[in-house]
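Protein chains in written order, with our numbering: chain C, 108 to 152; chain U, 104 to 327; chain R, 341 to 611.
Keep in mind that the hints are not guaranteed to be accurate.
Reference excerpt, derived from the structure (chain U facing chain R, CB under 7 Å, subset only) [said to hold, decoys possible]:
hint, residue
1, Pro148
2, Leu152
3, Leu261
4, Pro274
5, Ile275
6, Met280
7, Leu281
8, Gly282
In silico contact screen, one side only, chain R against chain C (beta carbon under 7 Å); selected entries [to be verified]:
hint, residue
9, Val376
10, Leu442
11, Leu535
12, Val539
13, Val540
14, Ala557
15, Glu565
Rough simulated footprint, nothing fancy, chain C against chain R, three-plus residues with beta-carbon under 8 Å [claimed, not checked]:
hint, segment
16, 411-419
17, 435-441
18, 450-464
19, 543-552
If you are wondering where the hints come from, they were derived from the structure by calculation, not from laboratory data.
Even for Gly, the Cβ is constructed at its ideal location relative to N, Cα and C.
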Amino acid sequence: MSDAGFVVAGYVITAVVLIAYIGWMAARFRRVRRGLTEEELERWR
Amino acid sequence: MSLAREVWLVAGKDLRVEARSRVTLNQVLPFGAVVLLLFAFALDPDRGLLSEVAPGLFWVAVLLAAVLAVSRSFAVEAEHGAIDGLRLSGLDGASVFLGKTLAIAVQLLLLELVLGIGVVVFYDTAVRSVAVLVLAGVAATVGIAATGTLFGVLAAGLRTRETLVPLLLLPIVAPVMLGATRAFEAGLDGVPSEAWPWVQLLALFAVLYLGVGVLAFGSLLEDA
Amino acid sequence: MISLARPAVNALGLLTLVALFVLAVLALGVVPPDAVQGDAQRLMYVHVPAAWLAYLAFFVTAVSSALYLWPRTRQPGWDLLAGSSAEIGVIFTGLTLVLGSLWGRPVWGAWWVWDARLVTTAVLFFLYLGYLALRRVPADPDVRARRAAIAALIAFVDVPIVHFSVNWWRTLHQEATVFNPDLDAQIEGSMAWTLLFAVVAFTLAYGYLMARRVQLARLEEGREERELDAAIAARVASGSERTDLEDRVPGEGTGKGNIGDPAVAGAGEHR
């Protein structure tokens, strides 16, 4: 892999990590707001 | 009651439990020995690697055994609500902490003695300075026992304590592992005088965490 | 306690997004490549601020844990702040290690080098991973908060010792071969400004992520309480005898929402 390849990989990973974390939080926000049924709660744990 | 007496009371209790149940003697010690044996399988004894890395292997074995000793120390309290007795005993949190730390340290030191002899005999290691080994060993052991007792009570009563304690304890004692290994390298087959900075580091670690434990243990014991 | 209104959080998010975009343009397009390392050096503009952010986050965790333990400033909010910050810290420590590896491979020819800074960062990663694991174990919220705060301080005290011992170990044995002098000595103007901008942009990102994470933690805590109330109501209605309330030490807890993990899912703590 060329130097540029490593650089691009690094920036892409940074972006993916940030987006994934924000997305994970958003998903949890939605779950909390919706209010969970017993069954879903069980699965989530 | 004086602090020393309270500490001795708690340590004596734990050591009596061990003297009667012999769990450390019959299970933890053989475990450490097996670990040392397995290292010989992993690192071909014929290439002289074993004696070269003996200090590191020794401390890895001790750390793994320490995790078990800590678990044992608090498993004893979990049975028959013993921990409630400890809480109701009116003993100061600091004394309970120092007592349990002392009991673990004594057991670990005996274990280290046996494993140490094993390392010298079976890994064919030279011994340059017994004083360095003893001082580094004691300082490192007190540090490990103090942090172990802290995390032991922190995880006591939690469902996942068996897996949580090693995860918490091992990174914290990384500097002990490093310092003790360097000191032992110097004391076994190196230049003994090079060990002193590391012995100081180990002592600093031990004192620091004894202090943290004295301050925090009481509140943790109440919650456990 | 730091708590931002929703429009403010959204504005902060937008600002972060713009800053990170500008950073990417600057770092990848505008700044000249390094004289020695070439393009690979462009990873510095994400690696260094990620490391800065990780250390900042752990520092915030330590401070808010201390504030939680201090009786006069004890508030559940400090606990949420400590936990949220540690989570973000762990994520960025992991990112720092990955980015460092990606930078190390072309420049040093190895993914990993036993350099003092790398080892310290790796130990830090595991220290706080353990802290997060401790936080996730269900327990009475007050008890969990106090335990977590003490654990955070135990870990924080360790950081200088780890740093010091590892530094000592590596420098006793060999010269610092990895961090080329050219990196520290002469840093060209536009590079320095870009790096500074990167640190600002990442700090903004930290602020945004923290605001969101604390919001989430608050909501989830509220949900736990609601569930607990519902569970108690259900138990009482069905006339069941056994509840988790029985084996609590009386007088220890104060008020509701204090009685343990939701009994609904049977996740109550067993002694």
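Now for the hints, and whether the structure bears them out:
no.: 1; hint: Pro148; verdict: 26 Å, violated
no.: 2; hint: Leu152; verdict: 18 Å, violated
no.: 3; hint: Leu261; verdict: 5 Å, holds
no.: 4; hint: Pro274; verdict: 4 Å, holds
no.: 5; hint: Ile275; verdict: 5 Å, holds
no.: 6; hint: Met280; verdict: 10 Å, violated
no.: 7; hint: Leu281; verdict: 5 Å, holds
no.: 8; hint: Gly282; verdict: 6 Å, holds
no.: 9; hint: Val376; verdict: 12 Å, violated
no.: 10; hint: Leu442; verdict: 5 Å, holds
no.: 11; hint: Leu535; verdict: 15 Å, violated
no.: 12; hint: Val539; verdict: 14 Å, violated
no.: 13; hint: Val540; verdict: 16 Å, violated
no.: 14; hint: Ala557; verdict: 10 Å, violated
no.: 15; hint: Glu565; verdict: 12 Å, violated
no.: 16; hint: 411-419; verdict: violated (count 0)
no.: 17; hint: 435-441; verdict: holds (count 3)
no.: 18; hint: 450-464; verdict: violated (count 0)
no.: 19; hint: 543-552; verdict: holds (count 3)
Taken one by one, the earlier hints fail for this structure at numbers 1, 2, 6, 9, 11, 12, 13, 14, 15, 16 and 18, listed in ascending order.
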